[in-house]
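I would like the entire structure built from these sequences, with the hints used as guidance.
Those protein sequences? They're chains U, D, E and W, same order as listed. Okay, so the first sequence: first residue is 1 according to my numbering, each after it adds one. Okay, so the second sequence: first residue is 1 according to my numbering, each after it adds one. Okay, so the third sequence: first residue is 1 according to my numbering, each after it adds one. Okay, so the fourth sequence: first residue is 1 according to my numbering, each after it adds one.
Warning: the hint list may mix true and false statements.
[Stated by the list, open to error] For each label pair, taking beta carbons as the anchor points, the in silico distance ranges come out as:
hint	chain 1	residue 1	chain 2	residue 2	range
1	D	G138	E	E246	22 to 28 angstroms
2	U	T52	E	R22	27 to 33 angstroms
3	E	T52	U	E37	18 to 24 angstroms
4	U	D98	D	H264	35 to 41 angstroms
5	W	S325	U	P157	36 to 42 angstroms
[To be verified] Reference listing, derived: stretches of chain D covered by chain E, where coverage requires no fewer than 3 residues with Cβ under 8 angstroms from a Cβ of chain E:
hint	stretch
6	18 to 24
7	140 to 147
8	164 to 173
9	195 to 203
10	255 to 261
[Claimed, not checked] Partial list, computed: chain E residues near chain D (C-beta under 7 angstroms):
hint	residue
11	C213
12	G221
13	S325
14	R328
Hints were generated in silico from the structure; no laboratory data involved. From a predicted model like this one, the values you see are computed outputs, not experimental measurements. No residue lacks a Cβ here, since even glycine has one placed at the ideal position from N, Cα and C.
There are 4 protein chains.
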Amino acid sequence: VINFCVIGAGRMGQRHGANIARHNAARLVYVADPVQERCEAVARSLGARAITDPGIAIEDPAIDAVVIASPTRSHVDLIVAAARSGKAVLCEKPIDLDMQRVERCERELKGCSTAIMIGFHRRFDATHMALKQAVKDGEVGAIERISITSRDPQPPPANYLAESGGQFHDQMIHDFDMALWLAEAEGSVDVYAMGGNLIEPYIKEHGDTDTACVLMQFASGALCQIDCSRRCVYGYDQRVEVFGSEGMVQSANVTQTAVERFTHRAAMARDPLKQNFLQRYEASYALELDAFIGAVSNKQYPDPGFQSGKRALMLADAARASLRSGSRLRVEFDGNRAYP
Amino acid sequence: VINFCVIGAGRMGQRHGANIARHNAARLVYVADPVQERCEAVARSLGARAITDPGIAIEDPAIDAVVIASPTRSHVDLIVAAARSGKAVLCEKPIDLDMQRVERCERELKGCSTAIMIGFHRRFDATHMALKQAVKDGEVGAIERISITSRDPQPPPANYLAESGGQFHDQMIHDFDMALWLAEAEGSVDVYAMGGNLIEPYIKEHGDTDTACVLMQFASGALCQIDCSRRCVYGYDQRVEVFGSEGMVQSANVTQTAVERFTHRAAMARDPLKQNFLQRYEASYALELDAFIGAVSNKQYPDPGFQSGKRALMLADAARASLRSGSRLRVEFDGNRAYP
Amino acid sequence: VINFCVIGAGRMGQRHGANIARHNAARLVYVADPVQERCEAVARSLGARAITDPGIAIEDPAIDAVVIASPTRSHVDLIVAAARSGKAVLCEKPIDLDMQRVERCERELKGCSTAIMIGFHRRFDATHMALKQAVKDGEVGAIERISITSRDPQPPPANYLAESGGQFHDQMIHDFDMALWLAEAEGSVDVYAMGGNLIEPYIKEHGDTDTACVLMQFASGALCQIDCSRRCVYGYDQRVEVFGSEGMVQSANVTQTAVERFTHRAAMARDPLKQNFLQRYEASYALELDAFIGAVSNKQYPDPGFQSGKRALMLADAARASLRSGSRLRVEFDGNRAYP
Amino acid sequence: VINFCVIGAGRMGQRHGANIARHNAARLVYVADPVQERCEAVARSLGARAITDPGIAIEDPAIDAVVIASPTRSHVDLIVAAARSGKAVLCEKPIDLDMQRVERCERELKGCSTAIMIGFHRRFDATHMALKQAVKDGEVGAIERISITSRDPQPPPANYLAESGGQFHDQMIHDFDMALWLAEAEGSVDVYAMGGNLIEPYIKEHGDTDTACVLMQFASGALCQIDCSRRCVYGYDQRVEVFGSEGMVQSANVTQTAVERFTHRAAMARDPLKQNFLQRYEASYALELDAFIGAVSNKQYPDPGFQSGKRALMLADAARASLRSGSRLRVEFDGNRAYP
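This is the structure in structure tokens:
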């Protein structure tokens with residue numbers, strides 16, 4: 001049994017906490033959050049101990065692993081502290097919004113052999129996993145093109161936007177990871193971005209886009225296109241397509257039910273898509289935890305690991321810079337470490 | 001080149017005539033219809049000669065084949081006359097509504113080697129043909145169950161109903177042929193029917209059903225279910241499913257376009273189904289003519305032939321009798337002739 | 001909080017027990033099973049007390065509700081004992097295989113006001129519920145036809161068959177309930193059955209069918225067709241279709257993932273269907289428990305209740321008798337009690 | 001009746017000729033082609049007169065309209081000659097591969113009031129038309145994004161490539177027109193292109209790409225993405241998606257039949273997509289001719305007209321230049337003329 005501390009008692013912390021509490025091979029020992037009331041309520045409902053200082057858990061030798069679901073700007077320090085204390089880490093994305101801080105984190109982790117996993121939960125969706133497996137099995141042959149569509153049902157509120165890092169770093173970062181995971185890209189990636197403001201004026205006021213598209217070319221010559229929107233009236237639109245020399249595999253959308261309606265106006269009409277990421281990816285968080293626990297138990301480095309988090313951030317940085325400059329940028333992945 | 005006479009200048013005669021006129025290996029010589037004005041108009045538009053007496057064509061040695069698209073009660077006499085005169089015959093279904101007359105026709109055809117094809121046009125639909133091919137190729141293994149759904153967009157007008165022979169003989173006869181074609185059934189078939197009046201009172205006044213279901217069991221033990229309705233607001237519903245030991249193949253519905261709409265109420269909503277049999281099976285009539293011309297040219301007996309027409313009628317008769325008696329009836333196909 | 005005893009520690013008892021243990025408004029107090037070792041293992045894993053005699057729980061005033069997941073032949077006595085002791089009852093289907101025993105149970109329940117729910121879990125599937133809601137909302141207008149397809153992936157083992165009551169009572173009983181639920185049928189139902197042995201010889205040796213079809217007509221004139229098979233190589237085939245004057249609604253099949261493959265042989269190929277009822281209806285059991293707890297809490301009579309269990313059995317009895325006699329049978333539902 | 005001359009007796013000329021010959025409101029008078037033998041064979045089969053010099057038809061006052069299906073480099077001179085002679089013109093795309101020649105053509109057409117239509121046949125596909133209608137009807141609200149996928153089954157042969165103008169001018173030009181038609185774009189368009197060689201070495205040797213993607217932004221801020229490939233093993237992949245504030249409409253792919261297969265490996269597998277543009281767009285050419293004849297008869301300017309041809313070429317030129325320079329280019333549409 002692996003003993004956990006969950007840092008952060010917000011929406012994601014609660015979800016991870018509940019999954020840990022229910023897991024046969026895990027035990028939730030601590031919930032850490034500076035807001036004492038919320039922390040105690042969450043800890044109580046999950047049968048854990050509430051602490052306002054995560055340092056207590058990080059220094060407790062009985063703790064094997066921490067889940068970091070606190071605000072982004074606290075991630076780097078918590079990762080370093082936990083890793084140096086020998087704890088395995090499952091950290092929500094992004095590692096940080098500032099590449100310099102991510103690189104400092106990387107330097108400070110040198111020599112630590114502890115497992116660090118970044119929470120790209122989409123990799124644990126059954127349909128995306130089947131897509132990945134098909135690609136690995138050679139069903140599409142050599143990859144020629146990846147297309148990813150990612151549309152949120154509603155834009156985030158203004159106060160969230162301010163801290164989000166923007167559409168590329170908050171929303172599209174999942175799609176960058178998806179692309180790198182599917183393509184197993186090494187070497188260089190060319191990145192070009194276009195974006196605009198078509199939805200809500202307050203998004204523009206924050207200097208952010210609400211509609212964006214990134215076009216990438218991998219060293220193999222394969223192309224990748226990512227399409228993001230902050231609003232989608234028919235639900236949470238999540239599609240991935242991999243096209244190659246031998247065919248195509250798609251990860252199609254998931255509807256709320258399998259009902260089909262036939263009227264004088266329409267045939268085969270289904271219910272709208274799943275409404276949001278919690279509904280669409282509910283099972284993914286549990287499978288993500290399984291994978292993390294499996295890696296920790298078997299002393300394997302988890303995937304997606306720290307480098308996955310860093311590389312997705314590199315692409316997000318390049319996309320933002322391309323949007324501003326109007327020109328293509330090249331990102332180089334160094335070969336120090338096999339992906340992931 | 002095969003020289004044709006089309007008998008009957010109504011909707012079906014016009015359709016066959018147009019297909020013949022456009023066919024490279026055929027020439028439309030005569031259009032025959034007792035209503036002179038209509039006959040002349042149709043013949044003129046197709047570049048053919050109008051005759052009010054089909055006997056002229058039947059006795060004309062230059063004529064190779066006749067298409068019989070006249071009223072049902074005239075079919076038997078025209079088939080016999082044309083066949084005895086050595087013409088190949090493509091006759092619209094049904095051969096006749098009266099089994100005694102069909103059997104007389106069969107006796108009078110004894111010794112005639114001429115090709116007789118019955119117009120079960122659905123056999124020439126690309127999707128149904130692909131279904132049949134899949135079954136023949138063993139894709140579903142041994143057939144365990146056939147399901148056929150056949151729903152017309154609107155009920156026929158009252159004056160048509162009076163001459164139609166009823167729902168089993170007018171509408172479901174196509175499905176009986178479909179079932180026999182797919183199952184390649186020999187020996188006996190058990191038939192049980194249920195039906196009712198749920199749509200239009202005038203249908204009940206004619207002593208007919210508007211909603212009916214037939215359940216059959218072939219000698220192999222395989223089951224077949226046919227579902228017919230005289231009204232369907234979402235278009236012309238035509239589905240066939242063959243299920244067996246190795247899987248299932250379906251002939252799915254065909255929508256008017258491949259547009260898919262996504263709104264806050266629905267996902268993947270398509271346009272309604274094709275509106276009626278002329279729209280759904282437009283290409284089938286041309287392929288049916290190809291098959292007929294091919295059989296005539298190669299001196300092969302066409303399929304569906306006379307026996308197909310007779311067997312479908314046997315099932316329709318049994319269904320009507322079962323509906324009236326409330327009990328199951330057994331139909332025996334004699335082994336005189338390989339199906340078709 | 002409602003205190004539960006689960007009677008029967010087999011597959012279904014474990015599932016109900018796990019759902020109760022995790023439910024906020026429920027507490028699992030006892031697990032009862034005569035096989036002491038299994039009983040203790042299950043009770044321990046769920047934090048409950050193991051008892052070999054369910055009478056202990058039935059007589060314990062702290063217990064509010066029992067779930068009966070023991071062998072079928074024990075259901076009637078346990079229902080009566082629990083109900084007389086004032087416990088709410090959630091009993092797995094069927095109530096019993098013998099209608100005389102069901103009617104005795106009904107008589108002995110006279111005067112008991114306790115809630116009795118029969119475990120027709122399909123009613124709590126999200127897609128079937130959306131179908132039911134659409135029908136209730138009048139989307140299809142007046143019902144003209146219901147079609148239900150129900151195909152299990154593999155036939156049950158021979159030792160199970162002996163106690164199952166046969167295909168109509170074990171498998172199709174769920175479809176009978178589905179039909180009655182959707183049609184809200186009152187009055188009489190005409191039932192006709194056909195069936196055969198196409199799959200495994202040992203099923204025939206048990207005097208049972210493996211492939212069956214039932215055709216029914218409700219008092220309204222609407223038709224219903226049920227298609228069952230004991231083997232289906234592409235997974236667990238579960239489809240329901242309701243057709244009426246204003247359109248059609250289907251409860252379509254559910255595939256294992258939403259991946260779609262495109263090759264030179266096929267387009268849009270999806271993964272096979274969910275593999276079995278536990279996979280397909282996993283969420284239904286939790287929602288069924290919610291509904292039961294909701295009814296108990298609100299002192300409402302649950303639906304599906306005792307009469308639902310009895311009526312489904314009446315149809316199964318009629319189907320079996322129709323198969324043997326080859327003739328149609330009429331079932332009369334008395335009007336004593338509003339459905340459910 | 002409108003009297004036609006078809007110039008060019010190759011594949012496209014034959015198709016247009018056959019559609020004209022069969023059209024009630026048209027008469028095919030001449031087929032013109034310098035290769036006398038082919039010209040005569042085609043003319044004979046269509047009941048027309050063969051001429052090797054198209055000038056004969058252009059000067060014949062009995063001729064109302066010409067269809068230009070000759071090699072691209074002859075288009076401009078033929079358009080000018082025919083227009084000056086008062087003939088309506090239906091010209092296959094592109095007008096020319098050289099923008100200077102197109103602009104010269106435009107100048108020389110000044111003052112001619114004759115109808116000139118460019119053969120962007122996809123606009124007459126039933127599904128694309130339904131998509132356009134939905135957009136016009138406001139179903140998706142304000143357009144935020146257009147996505148077009150266009151993948152040919154096989155790359156063209158090397159000798160064709162040399163004259164094709166390259167992937168942007170030969171293949172993607174249809175998608176540029178589709179995008180402009182759907183967006184009704186005015187003002188400026190920003191264009192950025194990426195491409196590569198992943199399929200056949202001989203394509204690279206011709207200095208062309210085989211895999212390309214163009215990203216565009218209209219003056220409204222809406223984005224458009226076009227994805228082209230010269231090879232697609234599952235058939236002719238033709239998809240269009242328009243996403244906006246109120247929803248999404250897709251023009252989905254069209255399979256060869258509506259058969260669906262269910263096996264232990266797959267569910268709902270359909271036949272591959274239509275195999276090529278002739279199969280996919282067979283009906284579009286006839287509807288294109290209808291639209292041309294309708295415009296000529298009603299003295300309306302046809303759509304897509306000359307400006308549509310010019311604008312699509314402007315985008316193709318910009319895409320090629322962007323691919324070479326690696327930077328974004330802006331195309332300005334002058335406001336002289338309403339689109340089309």
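Right, here's what the structure says about each hint:
no., hint, result
1, D:G138 to E:E246: 22 to 28 angstroms, "violated, 41 angstroms"
2, U:T52 to E:R22: 27 to 33 angstroms, "holds, 29 angstroms"
3, E:T52 to U:E37: 18 to 24 angstroms, "violated, 46 angstroms"
4, U:D98 to D:H264: 35 to 41 angstroms, "holds, 38 angstroms"
5, W:S325 to U:P157: 36 to 42 angstroms, "holds, 41 angstroms"
6, 18 to 24, "violated (count 0)"
7, 140 to 147, "holds (count 4)"
8, 164 to 173, "violated (count 0)"
9, 195 to 203, "holds (count 5)"
10, 255 to 261, "violated (count 0)"
11, C213, "holds, 5 angstroms"
12, G221, "holds, 4 angstroms"
13, S325, "violated, 10 angstroms"
14, R328, "holds, 5 angstroms"
The structure fails hints 1, 3, 6, 8, 10 and 13 (numbered hints given earlier, in ascending order).
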